[in-house]
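Full structure from sequences and hints, please.
Each chain, letter by letter, is given below.
Protein chains: 4
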Amino acid sequence: MSNTHAPFFPDVDRISYEGPSSDNPLAYQHYAKDQIVLGKRMEDHLRMAVCYWHTYCWDGFDIFGAGTFGRPWHNPQNDRSAADLKMAAAFEFLTKLDLPFYCFHDVDVVEASESPEALSSNLERATENLGAYQEQTGKRLLWGTANLFSHPRYAAGGLTNPDPEVTACAIRQIRDCLNATHRLGGENYVLWGGREGYDTLLNTDLTRELENFGRFLSMVVEHKHKIGFKGKILIEPKPHEPMYHQYDFDTATIYGFLSRFDLLGEVHVNIEPNHSTLSGHSFAHEIATAVSLGMMGSIDINCGNYQNGWDTDQFNLDVRDITLALVELLPSGGLDTGGFNFDAKVRRQSSDLHDLFYGHIGGVDALARALLSAADLIERANLKDNKDKRYAGWEGDLGKTMLSASSSLDSIANQASAQKLDGRHTSGRQEYLENMINRSLV
Amino acid sequence: MSNTHAPFFPDVDRISYEGPSSDNPLAYQHYAKDQIVLGKRMEDHLRMAVCYWHTYCWDGFDIFGAGTFGRPWHNPQNDRSAADLKMAAAFEFLTKLDLPFYCFHDVDVVEASESPEALSSNLERATENLGAYQEQTGKRLLWGTANLFSHPRYAAGGLTNPDPEVTACAIRQIRDCLNATHRLGGENYVLWGGREGYDTLLNTDLTRELENFGRFLSMVVEHKHKIGFKGKILIEPKPHEPMYHQYDFDTATIYGFLSRFDLLGEVHVNIEPNHSTLSGHSFAHEIATAVSLGMMGSIDINCGNYQNGWDTDQFNLDVRDITLALVELLPSGGLDTGGFNFDAKVRRQSSDLHDLFYGHIGGVDALARALLSAADLIERANLKDNKDKRYAGWEGDLGKTMLSASSSLDSIANQASAQKLDGRHTSGRQEYLENMINRSLV
Amino acid sequence: MSNTHAPFFPDVDRISYEGPSSDNPLAYQHYAKDQIVLGKRMEDHLRMAVCYWHTYCWDGFDIFGAGTFGRPWHNPQNDRSAADLKMAAAFEFLTKLDLPFYCFHDVDVVEASESPEALSSNLERATENLGAYQEQTGKRLLWGTANLFSHPRYAAGGLTNPDPEVTACAIRQIRDCLNATHRLGGENYVLWGGREGYDTLLNTDLTRELENFGRFLSMVVEHKHKIGFKGKILIEPKPHEPMYHQYDFDTATIYGFLSRFDLLGEVHVNIEPNHSTLSGHSFAHEIATAVSLGMMGSIDINCGNYQNGWDTDQFNLDVRDITLALVELLPSGGLDTGGFNFDAKVRRQSSDLHDLFYGHIGGVDALARALLSAADLIERANLKDNKDKRYAGWEGDLGKTMLSASSSLDSIANQASAQKLDGRHTSGRQEYLENMINRSLV
Amino acid sequence: MSNTHAPFFPDVDRISYEGPSSDNPLAYQHYAKDQIVLGKRMEDHLRMAVCYWHTYCWDGFDIFGAGTFGRPWHNPQNDRSAADLKMAAAFEFLTKLDLPFYCFHDVDVVEASESPEALSSNLERATENLGAYQEQTGKRLLWGTANLFSHPRYAAGGLTNPDPEVTACAIRQIRDCLNATHRLGGENYVLWGGREGYDTLLNTDLTRELENFGRFLSMVVEHKHKIGFKGKILIEPKPHEPMYHQYDFDTATIYGFLSRFDLLGEVHVNIEPNHSTLSGHSFAHEIATAVSLGMMGSIDINCGNYQNGWDTDQFNLDVRDITLALVELLPSGGLDTGGFNFDAKVRRQSSDLHDLFYGHIGGVDALARALLSAADLIERANLKDNKDKRYAGWEGDLGKTMLSASSSLDSIANQASAQKLDGRHTSGRQEYLENMINRSLV
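Sequence lines, in order, name chains P, F, X and Z.
For what it's worth, this note's numbering labels the leading residue of the first sequence as 1, then goes sequentially.
For what it's worth, this note's numbering labels the leading residue of the second sequence as 1001, then goes sequentially.
For what it's worth, this note's numbering labels the leading residue of the third sequence as 2001, then goes sequentially.
For what it's worth, this note's numbering labels the leading residue of the fourth sequence as 3001, then goes sequentially.
Hint data in this document are derived by calculation from the structure and do not stem from the laboratory.
All of these numbers come straight from a predicted model, not from anything done at the bench.
Ideal placement from N, C-alpha and C gives every residue a C-beta, glycine not left out.
Careful: at least some of the hints might be erroneous.
Derived DSS-like pairs (lysine-lysine); straight-line CA-CA distance at most 30 Å [to be verified]: (1) 420/P - 1226/F; (2) 3226/Z - 2420/X; (3) 3096/Z - 389/P; (4) 3420/Z - 2226/X; (5) 3400/Z - 2226/X; (6) 400/P - 1226/F.
Calculated from the model, a selection of chain Z residues having no Cβ within reach of chain X, i.e. all distances over 12 Å [said to hold, decoys possible]: (7) 3017; (8) 3026; (9) 3034; (10) 3318.
Right, here's the structure in full:
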């Protein structure tokens, strides 16, 4: 398949690096993809992706009003020709942004499908087309996912639905979409459980739903191995919305769930800053937790604002906040099969096609700046040195004894008593360390 | 030891049940301790406790101002005579409330102690006195706990402190306090990790701290078995405050932590409504989660208000909300060794001694009303019937096949395809069920 | 016009009062419309209304998924026949609920309108039909309002839009809808400024927008007088959503705005509990503030849940919370032209037509119970007596002197010094008073 | 009085500007006080102050634990010698930071005072000492304020207390402290109403309390004029904490209050970022609102974190967020008599004396960096140009006609109809503008 559609963004050339002093709003100031940072190309560190849903599917509607965008590739029926135009626009945009990856839901890349059968066959066709575009452009698939939340049948969940007929439809979609992802050489496969949760406990069999969830997630893992898919299976922490409560509340909750169903090491997390803050955590906390527990998968980069209590999915320009997350992430080896997917949307008022570029360019540059800052901090090693010093006691005699296999409450308490131990607080130096972060911001 | 102190509440008699039409503010309208509900005495269902810290220790200070209470049993030095008067007041109050249990931290029941040694020996003495009071009044200990957050040494945590000397002091306190709890026939032992967490990741070795936490918690469990303590070891979910982040964020987080350190079944949770809502959950959610995961321990009953973002520890008068929690709790068998501890404080402006009675009476009656409502709902069984009907498909052929050991993504997807399954949503009837709750409220 | 459409709810009869012991889910347990409470019929106290948008227009879509309801009066084009069926359903439902009032937006009662012209003439026709239904059923209009947020043109606001062409369209809608409301004998006219605010200050001329808002609101008031509309003009506090920030943040903010543009006494507030809590206030606070400042208009009764940070518009079953609001409202004379409009929607999962009845019945009964409780509290007068006693000092010599016209900082400070005044805190008795509320709950 | 006390910070020299490449943690990287920015010296733009309470008074206690700091100038009795040492430390620290201003509460600068009389005379003495230090060091007073929240008598408020005896004490403190501020050449006088609000409406006469508040605030203004104080009277928006609700909720609320009591122009606001975010607003919003309404006074610079729901008063290192606020502030002329007071505290774990320097240095540099960025944005004028263009329609014929004195709903609606106006949305370009902010960050 070749892109024979007239260009959708005719007045925009490929976005290129022009350096910090450029005042071209359609250039990168910081993202120089081939620049080596901590021994690796920037592009290979960040592995950035554009998502289908916000960028090409969304028409600007919100819960209080109709679409404002009038995209040239949309039509009201969302028929096959619209799906084809959308795909053309997607690869033109991605190519002009000069980013390596994209992400999609099954329903994003196909026309409106009247039945599960239609969806299966439409996805088959779309997969072929995507493959052709990939070949033509060199772009790659960061991950695919099945949409188990938009169809009315999923109002009470997909894998956790009270009705097995609904769950069977969900599983069919997952099977098809995981196969498609595999065929396209996808790096990961994601399950976002937006409706896997409950609106009220009064009608919910929590125990049963979680057990079903565990059982079917195990089948996803088995299927992955069966077809030889080498990517990671990811689930995405989010505390709520659209449901009152979502089972994948945060990374720590998911750890417990995976542990319970013996899926640790098989399933990882796709962390999103806006979801992190909605669950009462910082972005860095979620990253640090995933790294510490060996669950790190990929990142849906975006942010909310701190005054509105729903998922606003804005482009994340908070370089300091991203730096704090990268400082947790990079020492562990970085993203492996994961990447930074822009799960971010321009505001409903940003109705021009150019706004799509501005949004992504800002997001790309913020990641690049943060990468440079984090690399600087890691190379100077002050943070690490400070931590080593703070915990040095645990490498000393007392610490080692306390942690030895033969220790007990009594042995430690008796030692404390015998030695009249009377431990004192020493400064945590938080402000000193925070200043170090600010000083690293380029 | 006999209580030779003049009474502190001379004008209040033992609070008794007078029925719903009473307008005596110093009587129970709903709590009739011997009334049989769901086959058990109310007192045995609710197992209510008064806590030492809020009720007898706190002088009404807050972060912006000095104490307002001027309790007759306090003195500025908090010396031994003050500790003795406080204990006399505690047992007089508990007796007059006619509730069966109390709870304490080590530092609550002793005078100000200059050193770990002094604390050990003062606790020894206080334990003897408490035992004497128990014998004299028939009151019992719901749980004891070591305070690992008020002394400056614990600014960076107790069991998760960067300095092993501090942790050794913490362990000594736990050992002593667990022994004391055992000696007093306590029903449980609690660890509240108010400082087990971090203020900034920049100075925190998350991985090490959690590993230490797991190791030392295992020692607590070993010690419990060693001394033959039959009660439960409980940890208490709370997301933050005073720390920016607390490791025991919520019940699901704790599940993962216990699973990781092989402590499931050995450690349970002490759930608090105000902590639940601070972590983004309803009280009922935390109970349901604990029940579902086999972690239910005890309850620190209180509430916050929904406009202020810190732990306000108010007496919980929200009968509907408590009913929703009891509907999750009671079918599993109820509280076992746990109870309802009033971890609630009168407002700083409620500076009269009588206010202590009003606070507790309101809290007791709210629990009793909720118990009656929950019992009514359980006896009618409509909630259960409705749920059974909603999930009936999982007991049918399709459901059973899907969950059978031989199922796979492919087998289910193929069946969905072959049978042209096209599952449809059916109403969750939330409003119908919510009305049922309201109609149960007495 | 006569309702010749087959009934939409054929198996539901008129909902009637059956008393607290009824277990008919399609009956009122507490709402006995003719029962006299505080000297007035329940119906006349509560003046309840069903709203068009949630109950008849919404198809169950949310931001993550398509409609689940499949209402028999909907069609995909939303053409004239759909509008007519919807109106038939609306008056059948209202009649069966046996409530006196309804509310609507202009776009709710008409078919999809391609242009401002079409909307004007469609509204003209719909107004005639509504008038005929009113005559036929005896139902009345609590308020009408123009929808200035759903059409894409209003993405940046209606009366505060950066583009005067958009504002002119908004004003035309308001003029037409206020005229229609007047013609239908509406009791009030509401402006909900869902898009009157901003998404970012970076593109917003705050000063200009607020001045335009003030100027055009003044015109609305002038128009009301010109046409002889006797109802109240109401604006509705809401802090945000869909905008990042809404100008009508809360009642106190609106007071300042009205004061600035000399509109006090001419414009009142329509308070909604879910908006109250989103702005960091209790429902009772907003009512108390409006009463104290002479701004009380009407109430959009609903609630959110306290764990989700957006407007969930649930039926409010929290009898205690409503009681606290009524205790503030009733002593001031109650609702005058206002009423309780159910600005509440059944959950997206509640997809049966019956669920519409369950939702409203629960809401109606909660209001009735709260009315009975509040009446009991007001008749006993304990709350008032307690307050009078608490503030008695301000009726004494010192208080009167301090507030006299001749007092000054110096005169009061000198008196304090001369008399060695050393004021002491006395208990606020919060728990005692809270118990009194709980004891009033039926 | 001369500072004869041994230095408290002997190993720290005066902090000086060393430029962005310095890695001296005890130097400024960005704050070059004499550098000219937008035509004014940095020092004169920012007018920075160190506060007494967090920096010299606080011992590190929090609601869960005792003080951790062990300051060399503290003693347990807080006697006169401690007060004198504290003052010596304060001026040494301020001099070493090389900042021009300080701020204090009356109780901060005196010893513990047993009675109102003692406080009056201790303040008299302290004022003399402060004056001597000012002369000796050249430092100046940004503002003084009376502490009406820490003494138990103020549990239910100062100016809004139910008991006039308490209010008389409050007024005495205000009179004395305003006089002292005047004597010291203070630039402003602040009233922080931390207890002016309520814990429950059930015991609160809202109407009376607000009227008293208005009356006494008027007296403060009269007194200011009487004594010839030229500074501004400021009140400080805060939504809650320690009270459930505080009357000075936010800037817009205060506007209405001042308008009601005819105090506009006489009283201005002291805005704090952490209070802004607690009330559901951005810092920039509160600044923009104050500027737009002519209420801008001064700034208590700090921040919270977005995960904890109480006032954490951290040093604000968020350069982007401060830039957004400065972009609203500077075009209006900046701070006049106001300044940036560091109402920020080092964390309780930051227990070294050096941490006080790190905290302030980070805060100073963040302000300086933000000033440079905001100046750059203002000089380029792109933000302003973009706004002018967006609102240009209001300067055209249609806009002017609509806003003319003779316009009415009918005239505008008729014009819209005649001209078939059908206004369309145009992009708000939010992402473009946000990128512009990020690109300005030096």
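Cross-check of the supplied hints:
no. : hint            : verdict
1   : 420/P - 1226/F  : 25 Å, holds
2   : 3226/Z - 2420/X : 25 Å, holds
3   : 3096/Z - 389/P  : 29 Å, holds
4   : 3420/Z - 2226/X : 25 Å, holds
5   : 3400/Z - 2226/X : 23 Å, holds
6   : 400/P - 1226/F  : 23 Å, holds
7   : 3017            : 31 Å, holds
8   : 3026            : 36 Å, holds
9   : 3034            : 31 Å, holds
10  : 3318            : 16 Å, holds
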